[in-house]
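Peer 1: Hey, can you work out the whole structure from these sequences and the hints?
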Amino acid sequence: MTSAEILSRDAFLLGIELRLFWLVALLYAISFLIGISYILSSKQTTGKTLTASLWLTAILHTILIIFRTIEGQRPPFQTLYETLSWFAWSANITYLFVHSRWKDIHFPGISVAGIAMGACLYSLLTRSPEIIPLPPALQSPWYEAHVIVAFLAYAVFVVSFAIELTHLIFEKLFKHSAPSFGFPLEGFHRYAHRLVLFGFPLLAFAIFSGAAWANDAWGRYWSWDPKETWSLITWTVYAIYLHSRAIARWRGNAASFLNILGFVCMIMTFLGVNWLAKLLNIPSLHTYAV
Amino acid sequence: MLFKKIYSTFSSLKTSVWILTAMCIFYVLGTIFPQGREIEDYVRAGGKYVLIVKTFSLLQIFTSPLFLILSAILSINLLICIYDRFKTMRLKSRSLPLESIINNPGLIEIGKEENSNIVLERLKDMRFRQIEKGGGYYAFGKGLPYWWLSWIYHLGIVVAIIGFLLTALMAFENEITLYKDKLEKISLYSPDTRLNKYLKKLGINVSKEDKSKEYSLTLKDFKTEYYQSLKFDYPKEKLSRLAIGIGWKPIESAKEGGFSPKMWKTIVELKTPDNKIKEAPLWVNHPFRYKGLTLYQMGFEQKMNMVIGSKIIEIKSMEQFEIPGIKGKFITSPIKTGMVFKKDSTEDNIKPFFTLSYIPEKGAKEKLGEIYLDKPERIKGISVVFKDLKEGSGLSYRVDPGVPLIGISTLLVFLGLFFRCFGYWYRVYIIIKEGRLFTLISTRGLFANKDRVLRNLARLS
Chain A
0 MTSAEILSRD AFLLGIELRL FWLVALLYAI SFLIGISYIL SSKQTTGKTL
50 TASLWLTAIL HTILIIFRTI EGQRPPFQTL YETLSWFAWS ANITYLFVHS
100 RWKDIHFPGI SVAGIAMGAC LYSLLTRSPE IIPLPPALQS PWYEAHVIVA
150 FLAYAVFVVS FAIELTHLIF EKLFKHSAPS FGFPLEGFHR YAHRLVLFGF
200 PLLAFAIFSG AAWANDAWGR YWSWDPKETW SLITWTVYAI YLHSRAIARW
250 RGNAASFLNI LGFVCMIMTF LGVNWLAKLL NIPSLHTYAV
Chain B
0 MLFKKIYSTF SSLKTSVWIL TAMCIFYVLG TIFPQGREIE DYVRAGGKYV
50 LIVKTFSLLQ IFTSPLFLIL SAILSINLLI CIYDRFKTMR LKSRSLPLES
100 IINNPGLIEI GKEENSNIVL ERLKDMRFRQ IEKGGGYYAF GKGLPYWWLS
150 WIYHLGIVVA IIGFLLTALM AFENEITLYK DKLEKISLYS PDTRLNKYLK
200 KLGINVSKED KSKEYSLTLK DFKTEYYQSL KFDYPKEKLS RLAIGIGWKP
250 IESAKEGGFS PKMWKTIVEL KTPDNKIKEA PLWVNHPFRY KGLTLYQMGF
300 EQKMNMVIGS KIIEIKSMEQ FEIPGIKGKF ITSPIKTGMV FKKDSTEDNI
350 KPFFTLSYIP EKGAKEKLGE IYLDKPERIK GISVVFKDLK EGSGLSYRVD
400 PGVPLIGIST LLVFLGLFFR CFGYWYRVYI IIKEGRLFTL ISTRGLFANK
450 DRVLRNLARL S
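First to last, the protein sequences are chains A and B.
Going by numbering that gives the first Met the number 0, the first sequence opens with residue 0, and the numbers climb by one from there.
Going by numbering that gives the first Met the number 0, the second sequence opens with residue 0, and the numbers climb by one from there.
Be aware that one or more of the hints could be misleading.
One-sided and incomplete, this derived list gives chain A residues near chain B with beta-carbon spacing under 7 Å [said to hold, decoys possible]:
#1 ILE5
#2 ALA10
#3 ILE15
#4 ARG18
#5 LEU19
#6 TRP21
#7 PRO135
#8 ALA213
#9 ASP215
#10 LEU241
#11 HIS242
If we take Cβ atoms under 7 Å as the criterion, some of the chain A residues that face chain B in the derived model are [as the list claims (entries may be wrong)]:
#12 GLY14
#13 LEU17
#14 HIS98
#15 ILE147
#16 LEU196
#17 PRO200
#18 PRO225
#19 THR228
#20 LEU231
#21 THR235
#22 ILE246
What the hints contain is simulated information worked out from the structure, not anything from laboratory work.
Yeah, the Cβ is synthetic: ideal placement off N, Cα and C, and Gly gets one too.
Peer 2: Listed below in structure tokens is the structure:
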């Protein structure tokens, strides 16, 4: 095959992928809008439509992830274009998995749909979709384990945030009118805590595997690189959150606030740190993820 | 009295939370102020808070006295908590006092007294072991004791802090560039570690070298490998991207994108302090380890000769140089040489070339084009030949006595956290009172299912 033929084939495949990705983003947007109408109507059928829409998006997004993996002949989480898509997909899948235990509770799906839509649009509108082969620094046995576990932790934190937000909104704004949506408020607070408990060791593993990887690549397990430091901040904030649950006076709203702060720190680790490094001209060892 | 107060403050959970919060503030500051830079760089970059930055060592925040004091406070807090929890752990392994169980709001009635034997048997069938038995009172348990797991990962954090301290005091690293057939010596001893500097300040004699830790290195082979990179002209403009996404516009123009790095591989011949000869193959993410020595592949350096008439000038790639007779400076890209792995799955040797750019005394950098080695070129009217490429392998070596402790702490923290969060622990109390049967179930861990146990017991009785 000549270079021109390879390029033409790759352009064709990329065209298909992009259409699919735009469709996925559109479906997340539709799910989000259905969610808004669910808030306004509080009808169970609208809630069920939201969940069904997220299921349909999950199926298409899974096809997109598989397509990209085959296209790139490697796991699809190297560039920010890819990781944003992976982030949205894993958050949605995790939400649907968690949701399968609740059946008639659909409210947290709105936040998940909104976050996934934002991630997809950010990826599509600002990042290059080109498939880049793995540079030397990423060719490590730690690569897949580190990224997969880190994003699983992120996905769990997104869902925990969505649940915590639901809890706060109902408690503060809707003044305990949660029963009309069919769930007890305290149950939500507890569930958000259980999810953090699930994600916390995963984030620890992501940090440890990153340190082990850095030790193999550069001989320095910790460099106080902005991404490393923010991952430690996220971990510490969630550690504070978990400790706060054991302090009687902090168990309620203070704990909810810490959970939401943990989510903000997680977003900083994933995305904000890239902006911060650019803004303040701080060199980062994670430039390939920008 | 004062000691008791300090002890109770430091063993409190609230203190831990406040210390962790303070640590977070330091971490955030460490990502706002560029670490490891000089104050002059900060001023040059337009930094406004010079006095604050200087006073609080914000450009070296993670080695600043304030951060070290805070880390010491955290360590004391952790040590006291570990000691305090250790004392109470034996008590925890026992059951709650009967009175507190009876008065517990979580106590649930599950049936009548005559069914107690069935319930107790069922608990045994469910692999609960009996821990205690009293008059009309039974305690059963199952799973990993969570307080030990929690204790283990807190201990792991203390071990990690000791590891960090060892790294900060005794670790050092250096870089070395090896060229073929040129012997270089490195030592696993450095008089410039923080510990040695402190010892020197205290007037303790620190030796300048240690011959028993010297290694000799010779480069045997160095290879650079590239991918063939084909690029699309993907639009940056958002509406054009949307047009491609919905199929109104195809991805039309495409171009060849040159080469992107695949791997750098080195083979070094190593002479150990006891005169043993070893062959050390290494590449990125695959360091070579031998006893205390670890060699890492970091990059490469390239030198070549620039021949102008009878004049031969040695230049380095990616470094500015002058061509006699031309005002301004020149700079090359990395010289592409070695093997290319093409998109059509074939491999090819690259004919060495680089991109040359001209940097005028005034004005913007100008790209002059691709230059192939050993081929005469006319650059701004002067005939030049670039030849005799030499590639050096950029390696680094590091000695860090903190790493083994960090490894141990990682295992302690991760395994402790993993089993604490993903494991299960149950304590089931059965109370017989006034002809009725009650239970109190407490659980820990994500896989502990209180409702299932309760359903099982309620169904039987």
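Peer 1: Which hint numbers does the structure go against, in order from smallest to largest?
Peer 2: 3, 5, 8, 10, 14, 15
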